[in-house]
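Engineer: Chain by chain, the residues:
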Amino acid sequence: GDSVTQMEGPVTLSEEAFLTINCTYTATGYPSLFWYVQYPGEGLQLLLKATKADDKGSNKGFEATYRKETTSFHLEKGSVQVSDSAVYFCALSEVQGAQKLVFGQGTRLTINP
Amino acid sequence: SAVISQKPSRDICQRGTSLTIQCQVDSQVTMMFWYRQQPGQSLTLIATANQGSEATYESGFVIDKFPISRPNLTFSTLTVSNMSPEDSSIYLCSVAPWGTYNEQFFGPGTRLTVL
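For the record, the sequence lines run as chains A and B.
Once you know that position 10 of the first sequence is 157 in the numbering used here, the rest is easy, because the numbers rise by one and skip nothing.
Once you know that position 44 of the second sequence is 598 in the numbering used here, the rest is easy, because the numbers rise by one and skip nothing.
Just so you know, these hints were derived from the structure itself, not from any lab.
Possibly wrong hints are sitting among the right ones.
Unchecked claim - Chain B is faced by these chain A residues, among others (derived, beta-carbon under 7 Å):
| no. | residue |
| --- | --- |
| 1 | TYR177 |
| 2 | SER179 |
| 3 | GLN252 |
| 4 | GLY253 |
Just so we're clear, the structure is a prediction, and the values are computed from it rather than from any experiment.
Backbone N, C-alpha and C define an ideal beta-carbon position, used for all residues, glycine too.
Only chain B is shown next, with the shape it has when bound in the complex (with noise of 0.2 Å):
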């Protein structure tokens, strides 16, 4: 298993601004994921960020909105740039260890309010 932790928890910004996810891995893992849970939703991946590669966006998300690090096997940032209100979710980093069998342990969540 994997323990995994986000900062911060949650936060309220303003339109326009942007904020930056921190994702921390208490083991080294290749693969890192990013997902966001609007309102009563269920997860949608936003991208794949694996070390030393340029992070995979999933259809519908983009580098110059969501931004992502990875600098090492046990970190992450995701920034969520430029924010409207539609960007109002719980942002979620997870990490499939290796020898899991696709298995993904999450992190507690960031959960953004936009106003």
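So that you can see chain A by itself, here it is in the shape it has in the complex (with noise of 0.2 Å):
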């Protein structure tokens, strides 16, 4: 079936330093990917998304790209700030079919100031 493999946290790191999550995603078809992320005390929120190859998607200074070669959607930002402290979790859902989300195992970033 369908999974998300991400890179094993936690992560720490300092203030503006430069972010890379990876995520990797193993799918029968063309699925859509996602970015949520869950803030301390706080719900899941959609980060960002694409729905299909070179796509990339972009919000609060979070970028990933679609790359269908190697089956990835890292997250990336260039200046992190504490703010950014939280869970992320990559997720896919197929676009046919349940359209259920399957989720990768989440990573804690934490930012020091």
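With the hints as a guide, dock the two chains, each given alone in a separate frame, to form the complex.
Structural biologist: Put into structure tokens, the structure is as follows:
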């Protein structure tokens, strides 16, 4: 079945550092790809998405590019802030069929001032 | 987008009892989903609830343990039955509004502790 694999966490960085959180997927079709974020004490929010190969999703300074050839959707940000501290989940959803989300294991990010 | 509320926000229950969680959406949606997030873990889909049909359960989840109702296009309930401490989790509902290309919006979750 479909699956998502994220880089192991937790990740700790200093403010203004460059961030990469790796995400690879396995899917039988051509899924949509998502990054969700869960800030401390809050619910799950959609951060960005990409629906087809070579699409780039972006939001709040974060970016991720849908790479079909490497089945990847790595999350990047050029300069992180303390407020970016959260748990980040990579997820996929098949376009056809049940449209359910399959999540990666999550990566806890802590940014120190 | 969609605004989703859940009740209760948290509860502490005794083993062997049942808890019903409510999910209310501010607009009509066809597809609603129930997820479980065990402590420190990722989200796992329990079932998909479409209005007018029986819920579809994922492998490892059964209707007797997690009965779901979907009486209309803005509301659903999930019951956690005959609870044990292993059921301690955050339970989240989500919706996939029309035209959002599989994008899902999540409720704030219900934090359940079973003693």
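Engineer: Give a verdict on every hint.
Structural biologist: Hints, verified against the model:
A least Cβ separation of about 11 Å between A:TYR177 and chain B goes past the 7 Å threshold, and the interface hint is therefore violated. Hint on A:SER179 holds. Least Cβ distance to chain B is approximately 5 Å, under the 7 Å limit. For A:GLN252, the shortest C-beta to C-beta distance to chain B is roughly 5 Å, which falls under 7 Å, so the interface hint holds. Checking A:GLY253 against chain B by beta carbon gives a least distance of about 5 Å; that is within 7 Å, so the hint holds.
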